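Q: One-letter residues, chain by chain:
Number of protein chains: 4
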Amino acid sequence: MTLHLDDLRVRHLGECRHDSPLSAMLAAKRTSPHYVAEGDRVLLEDTVSMLAEHGLPPEDLPSFEAAGPRRKIYFDPAQVTAGIVTCGGLCPGLNDVIRGLVQELTVQYDVKRIVGFRNGLRGLTARHRDDTIELTPDRVRDIHNAGGTILGSSRGAQDAEEMVDSLLLRGINVLFVIGGDGGMNAATNLAAAIRARGLDIAVIGVPKTIDNDLPYTDQSFGFQSAFAQAANFISSVSIEAAASPDGIGIVKLMGRHSGFIACYASLARNAADIVLIPEVPFALEGEDGLLARVERHVRSKGFVVIVVAEGAGQDLLAERGLLEGGATDASGNAKLGDIGGLLRETITAHLTAAGLAPTVRYIDPSYAIRSVTANAYDSVYCLRLAHAAVHAAMAGRTETAVVRWRRRFVHVPMPLIISHRNQVDPDGDLWMSVLEATGHLGQQQPLLVER
Amino acid sequence: MTLHLDDLRVRHLGECRHDSPLSAMLAAKRTSPHYVAEGDRVLLEDTVSMLAEHGLPPEDLPSFEAAGPRRKIYFDPAQVTAGIVTCGGLCPGLNDVIRGLVQELTVQYDVKRIVGFRNGLRGLTARHRDDTIELTPDRVRDIHNAGGTILGSSRGAQDAEEMVDSLLLRGINVLFVIGGDGGMNAATNLAAAIRARGLDIAVIGVPKTIDNDLPYTDQSFGFQSAFAQAANFISSVSIEAAASPDGIGIVKLMGRHSGFIACYASLARNAADIVLIPEVPFALEGEDGLLARVERHVRSKGFVVIVVAEGAGQDLLAERGLLEGGATDASGNAKLGDIGGLLRETITAHLTAAGLAPTVRYIDPSYAIRSVTANAYDSVYCLRLAHAAVHAAMAGRTETAVVRWRRRFVHVPMPLIISHRNQVDPDGDLWMSVLEATGHLGQQQPLLVER
Amino acid sequence: MTLHLDDLRVRHLGECRHDSPLSAMLAAKRTSPHYVAEGDRVLLEDTVSMLAEHGLPPEDLPSFEAAGPRRKIYFDPAQVTAGIVTCGGLCPGLNDVIRGLVQELTVQYDVKRIVGFRNGLRGLTARHRDDTIELTPDRVRDIHNAGGTILGSSRGAQDAEEMVDSLLLRGINVLFVIGGDGGMNAATNLAAAIRARGLDIAVIGVPKTIDNDLPYTDQSFGFQSAFAQAANFISSVSIEAAASPDGIGIVKLMGRHSGFIACYASLARNAADIVLIPEVPFALEGEDGLLARVERHVRSKGFVVIVVAEGAGQDLLAERGLLEGGATDASGNAKLGDIGGLLRETITAHLTAAGLAPTVRYIDPSYAIRSVTANAYDSVYCLRLAHAAVHAAMAGRTETAVVRWRRRFVHVPMPLIISHRNQVDPDGDLWMSVLEATGHLGQQQPLLVER
Amino acid sequence: MTLHLDDLRVRHLGECRHDSPLSAMLAAKRTSPHYVAEGDRVLLEDTVSMLAEHGLPPEDLPSFEAAGPRRKIYFDPAQVTAGIVTCGGLCPGLNDVIRGLVQELTVQYDVKRIVGFRNGLRGLTARHRDDTIELTPDRVRDIHNAGGTILGSSRGAQDAEEMVDSLLLRGINVLFVIGGDGGMNAATNLAAAIRARGLDIAVIGVPKTIDNDLPYTDQSFGFQSAFAQAANFISSVSIEAAASPDGIGIVKLMGRHSGFIACYASLARNAADIVLIPEVPFALEGEDGLLARVERHVRSKGFVVIVVAEGAGQDLLAERGLLEGGATDASGNAKLGDIGGLLRETITAHLTAAGLAPTVRYIDPSYAIRSVTANAYDSVYCLRLAHAAVHAAMAGRTETAVVRWRRRFVHVPMPLIISHRNQVDPDGDLWMSVLEATGHLGQQQPLLVER
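Protein chains in written order, with the UniProt record's numbering: chain A, 1 to 451; chain B, 1 to 451; chain C, 1 to 451; chain D, 1 to 451.
No lab work stands behind these hints: they were computed from the structure. In this text, all values refer to a predicted model and were calculated from it rather than measured experimentally. Idealized CB from N, CA, C, for every residue including glycine. Some hints could be false.
What the hints assert, rightly or not - Simulated DEER-style distance windows between Cβ atoms:
| hint | chain 1 | residue 1 | chain 2 | residue 2 | range |
| --- | --- | --- | --- | --- | --- |
| 1 | C | Asp131 | B | Gly325 | 46 to 54 Å |
| 2 | C | Lys335 | B | Arg299 | 55 to 63 Å |
| 3 | C | His12 | B | Lys301 | 40 to 48 Å |
| 4 | A | Gly326 | D | Ala353 | 22 to 30 Å |
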């Protein structure tokens, strides 16, 4: 977390020598609260005390290169063939990003050819027979009205050299990788392989994660659409639980390492009584354990609603031998145990033993959340992110991700984006809001026993 | 815009002497990327060059007091009677804020009595017979499922002394004013009158504006819900225009001085061909004038969609004698001329003269936007804003507004909030995005002739 | 209304000689509660007393030919070129019908060529330069996700002979006309012209009306989507009115001659206090007049919500000289006076004179209703209607409309469909429900003074 | 199915002697296409051939008593205490029915006291401590904005005598039972026990089933809202499947005995490739078996979407020993085996063996469908159904259900409503539409091998 200016510098393919088509328009602009001029940078820190800790003059403070159009660009648009690929799990807004990239490349820069690779990184390899799609403004005009990705996706890594060959074969000199952890990692390796061969190909990342676990990012695209849809399921389960005597509602939401969706969705409806996230451990047994709390809720108001992130309570599963040690999924992530199932069973057993007759409503709506259409906000956000990605690529940045930081679009070196995860801070404002909203803030034990 | 630290300091009623019920929980926290500790402050500026301009040590840089709970508070919760009032036009999220205030006051601080004033500031005066509502957690539990405000609202100022009497009469020592320009202005006057009388009543503002024209605010609450709904009308009109030969779709949106709704709603659907906002003047006549552009669109793609903020083109109306000089509405704002009507008429006349047979679809959906329910994001935002407002009041801040700045909740002196308006910067990123999305960026004339 | 069997017979182009591709599947079916076999018919009447009035044996009772596939068909699918045209104002479900027609023609009957005419009947004439669209399953796959019609539309009649020429020129032998009054009238004339020339071209109508004013039809397609959207505007205006002191909410809805949308939308939210429709005259003045009632509502509950169909109260406008005598619109309909405007003005004047300070919220959301996407029910309905239309055409029916009657799809001769309008019966169940829901049923004067 | 007039007669508590408050309004009405007069009846049959089969004069044809207000009523409203109970699983519209009952009882009939029983039939027994709710117009005003039932519900039968005691204890003389099979059965038993004791208590049923499996009912309330929501999940899974190489989407929907939701939801989006319902048996193996069909879809278009009703393929589960013989759930229904799980496993195994690498997306969204808010259409329907139920009760009908038949509200004797189930007719129009829409109609084997 003690980043220095150098850690935050992005790679350039080379000097920008071409006039941008936007050059004239940009000539007169300078840094303002609404615009970050070329060459200026956006601060990493935003409080007086964090700034004071550095003890540095402003120009040496940790900061990000601002995104946006440059007067001089690296590539001659007439010579550009762009490629686009979407990787990993679905997330609202993928089609919006694709659409934004295609429109910006063609309308503003007059790029003539854009290739969409099918089925994620698999489409970038020779081994797979998967074809490509020619992407034109007409083809992408209405794609934002549907969720998912018109390019398809897949999980898992592919050989970097093989992917470089594939790019060369198709004459791609600008590649946009829209993907998560796995995708950004692959893109970093790909960019390294390109650099090792001395090739003139820019690789720009548009980081995607439905879990909002990206560092150096205000909020990942699609997150708002996702938690809004998640909130609908909390309402559904809450209505079911409230209508059943001794009703127990459990909603398992996405969040392998970070409980953002669980927190925001719970705040949005304010119908959850208990929120369980990976960042805050909890006990099942004991007076302040989950089971006792659930029982108290059922006895006092007749039902209880629990929102649980999929990554919560993995230690409890491990203790009970319910985790496959070392197992990983197609993306290379450790396989999670089924915390929802564990809750359902232990709560049912506990309440039955306590003389109640619980009716449990359990739902895992993951696919119905991932596939949702981007809402108006995310549509705007994806469009602007796509614009920034195109400007970055045309200006010759590479191994660079475009993100939004403190409401500014900035360039972040790709390795930083995968260096660690953004998590809910148990001491931070968001978790405090969750505790306030679920009525647990004033209690001596914040939510559940710290173990 | 060259604010100094002193300008950003908020008023306190006095020393905080009571232990907060949240005190234990807060003890160990310190400033982090997710939490701003008591006493720390949030920077006003966020770029290297803006910081450098000040040439000051960090502790003297312009910055805001962080919002949030304090270990010591000013009021003894057992002695608090809170009042809530909503003023001005409707905006999504009003009920969410009311609900959040009531829940936080009762659940976290154990405040026993909360009074809701009916019909805006009118309800705070003796002259009006309007009654009050007792607000309890049970009363407000489901109110966020509907738009509007359960308290009612009204426009126009009221006598400050009379309002102070009304507060005294009802024993209110903490008043929350949810309102816009007019409301914040009234709250400032009210706080001044309270101070003049040496009374111990805190006045906290939760600034509201559907136009997003508040300064020192990332985005005003309800704005996302509003522009999402506005975007639906752009779609509607776009479908109507596209289905008519020589179809003209015109959507007039809110935005007296600031075109944010017009910009964001246009970006969200990307169906607008022309966006007109108060900040960017335009000509009707001439080769680059609006009429010629409209005609070009109709001739090339068969129809055109225009989004116009209500405050755009007022100079054109004035020139044509279509503005009532000096007329003001109930809130004291200058009455706007009907730019939508002017466009409808001049475009119809121009195209008819040009041999086309335009079908014009014009809609002004203002009421259907203002009354919409807050979406999931705004619900969360309103809830957290309400929490921050309660913390501020309990800690004895007064004449203070709670807002979000650079994704941090902060305290801003009320006079600053009404000192000027946030506007779309014609040189800024947002307008650039609009130009990019409507395909006007690369043109020599940005959108329409600068006059 | 005393229809005889002969009035209900549809025209055939000739004997059905070809085996249908669906022949084998149909072989074993006979009339049941879920299927009407070939040759069987659906009764016009549904009560004992209406049946008794005829005093006829069942086979002579007024009844409709059942729609659906036939074992023998008239056209050889390999020789068919189909045409599709959409006419008149927008209505939810137009794209669903187009999509259903194209899918059924190609998938079930293996028709190779389908031509979509642009811009309504204009596209069927030589005079207009409007082109046509080749319609394929791929082209129409996702069109139901958007409102409007991909073919465009227009109002107004065209020369029948010219349209016949146009069909011949393009080799069309099956034409589907999706349209309202005007469209069905034009299709009837077109079919007559075809018959007069002895041509072998089937003309099948899919009647469309957002007002639900078609006779012999359970409910017109798109109606449910339309009134659902209309109900949203009633909610909006109701929220606005309730939040203003002396608030008056007025929503003007579609309904030239029939108040169905006004009635259903009012029932759906149950937020309307007064519903005004063309079928039930009302007075403004007098103790039971509208103005007095409005005043009573405002005085008792603080606000009032009025839903008015555009065709209501035309007599009041005429009395005041506010109707252009004899004026007609592009579709040939008499131009309506602005009843919404009259209400706004007279109510404001009346209440102001009565010492109140009304805030009026008036909205006419017509375009935002017409352009809405079909809801799930209407999507299913449109799809099944399209299937029925294709079966009718392939079996050689012509001058025939396909509609749903008593939940059965049937064939109705086109002239019958335009013979009169379906209206809200002031003595019927629907209006009784409206009176019950608005609390007027038990009053001596049903809703408003019968004049 | 060969019902006679007598089978369709409903029970009366006795002669109607009181003037209805609606009497004056009703005086002049007679049977019309929009109103069924008192004493008139609605025909059961609707085709010429079905009518001819009876060979009876109209007055002896099978027909239902029309619902609606009567001039003379049985109960003196001033003496009425009404009870309302909701039983069984959730269904959209329950709150709308409750609200409609309360409003009609109070506004039209001036009934002073209405008791809501909590937690279904359990609330009607002494054994359970569950309390009751006083229902007033104010209490129910906004309840239709949320799904579920404010009264709570439960499954399972209760002792009829005990329930009669409970009604007597509370002075109830009119009871409305909103429930499914189980609820109607219990209500029938309850009415029999009331009759046996010679008590003057009317029991009126408002039949509820999310599966639309009620006989003599056009469509059960909430069904449209339910299948619309179900269709959203088909879209979601379809988007997920399409974005995965060899993607398999499976949606399990409600439908123990009847596949209506599966059929309508599939038609609504037209995204399903295969629809499996209880009424149409299918084989897994063989050339026309499900597995081979799934493989063909995956190989030709890359993915497949399967919609399966929960009651489909139970014979396949039984064969494999995957059904608990004789097991029943709380409502006394035979426990269903998990057809979704069987499909997931056998399809995965089959495709893997065939050299494909399937990604399976399986979802069972039952709770998120049952808890949805009623859409506009269902809101209107529920309101009118509630009005009809109140009229029936006030006129002294008992053991009577109110339903809609051929778009008329009618009275059906309760035993008939539970005599059998409405099912999708494999020879009927609906299933034909499904086959047409999934492209299976023209095949020699309708959908899957008839076994």
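Q: All hints, please: hold or fail.
A: Outcome of the hint check:
Range check, Asp131 (chain C) to Gly325 (chain B): about 51 Å between beta-carbon atoms, so the 46 to 54 Å window is met. Look at Lys335 (chain C) against Arg299 (chain B): about 30 Å separates their beta carbons, and that is not inside 55 to 63 Å. At about 44 Å, the beta-carbon gap between His12 (chain C) and Lys301 (chain B) stays in the expected band of 40 to 48 Å. At about 27 Å, the beta-carbon gap between Gly326 (chain A) and Ala353 (chain D) stays in the expected band of 22 to 30 Å.
Checked against the numbered hints above, the structure violates only hint 2.
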